[in-house]
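S.K.: If you read the protein sequences in the order shown, they are chains A and B.
Going by my numbering, the residue at position 195 of the first sequence is 195; the numbering climbs one at a time, nothing skipped.
To get my numbering, take the position in the second sequence, counting from 1, and add 207.
Note that these hints are calculated values from the structure, not bench results.
Treat the hints with care, since some could be wrong.
[As the list claims (entries may be wrong)] Pairs of lysine-lysine, BS3-like flavour, derived with a Cα cap of 30 Å:
1) A/Lys-21 with A/Lys-31
2) A/Lys-21 with B/Lys-231
3) A/Lys-31 with B/Lys-231
[Unchecked claim] Derived contacts from chain B toward chain A, CB cut-off under 10 Å, selection only:
4) Met-208
5) Leu-209
6) Leu-213
7) Tyr-224
8) Ser-229
9) Leu-235
10) Phe-241
11) Trp-244
12) Asn-248
13) Phe-252
14) Tyr-255
Heads up, the beta-carbon is just placed ideally off N, CA and C, and yes, glycines get one too.
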Amino acid sequence: MILLALYLFPIAIAAPIIQFKPLPLEYFKSKPLIIETVVLTLGPLPYPWRIGDDRSAPGFQDQQGTPNDLQEIRSWSQDLERFPGLCRSAQRLFIFASAALRQVYLANDAVSEEQYPTSLLLVFGAYYSLLIALIFAACYTIPCSARERLLNGLLSFACPWQRSMEQTYAKRKELEDFLELKIAPDATTAATITLLAPLVSVSCPPW
Amino acid sequence: MLLSVLGAAAGLAILFYGSPSSEKSRALVGMPEFITWVFINDVLFALYPILLALLWLRFRPRKEAFQKA
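Bound conformation, chain A alone (with noise of 0.2 Å):
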């Protein structure tokens, strides 16, 4: 719910902020308004709602360490992943559906540059960035975690002067190696891009 009003909080200060004029549209109050809160939320909001309701999965938080649970463990932070490429795509959509919005009102004398000006588009750009920053935050924080708490769990660090704590080093940098808990060079660039996704979108529409 939260998150639900972080989203739709621009669309509810931008009306009165801007003043837009009337345009020439039957039920042209409720008609942008549905379809923005209708792309909004039906986008990139069931995504921080599914990590949300995997993590109170009362199985999750006590994990065997079975080799199914590696597995099982692996392919489902690699999926979430994933996701915030297609949170990514439909929030460049949505901005640029913003943008194609305010020449339909300039276009039409509704509102005037000095009204609605390209840098507004740049503040709805960059808050929707920093919301995304969140959700990936949330994406990167929970699988991580819980790959460290079956690889503790799993082996924990010997005492340096024990001979087994050379094994135990090795054995551990494969099972880090395994569930893929070393952050790799193209997801951080892939971060990058999915955060400033929305900025970019501001600065190149698509006409």
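Fit chain B to the known structure of chain A by using the hints.
M.R.: Chain B only, in chain A's frame:
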């Protein structure tokens, strides 16, 4: 695919409900800016059912597996 077509149809139904009934609204609906806006929103309406179905299909069995563990 069917979900996507249904989503796109729902988007068009919302956008064109009750219009264009006047000369001015007919002119607005024919504007390239309006067509661009409708097109982008309709792409989103077509994509979202697929996104929701993917989320549901990928995460639901996993959640059940975790609950059984």
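S.K.: Run through the hints listed earlier and report the numbers of any the structure violates, in increasing order.
M.R.: Violated: hints 4, 5, 6.
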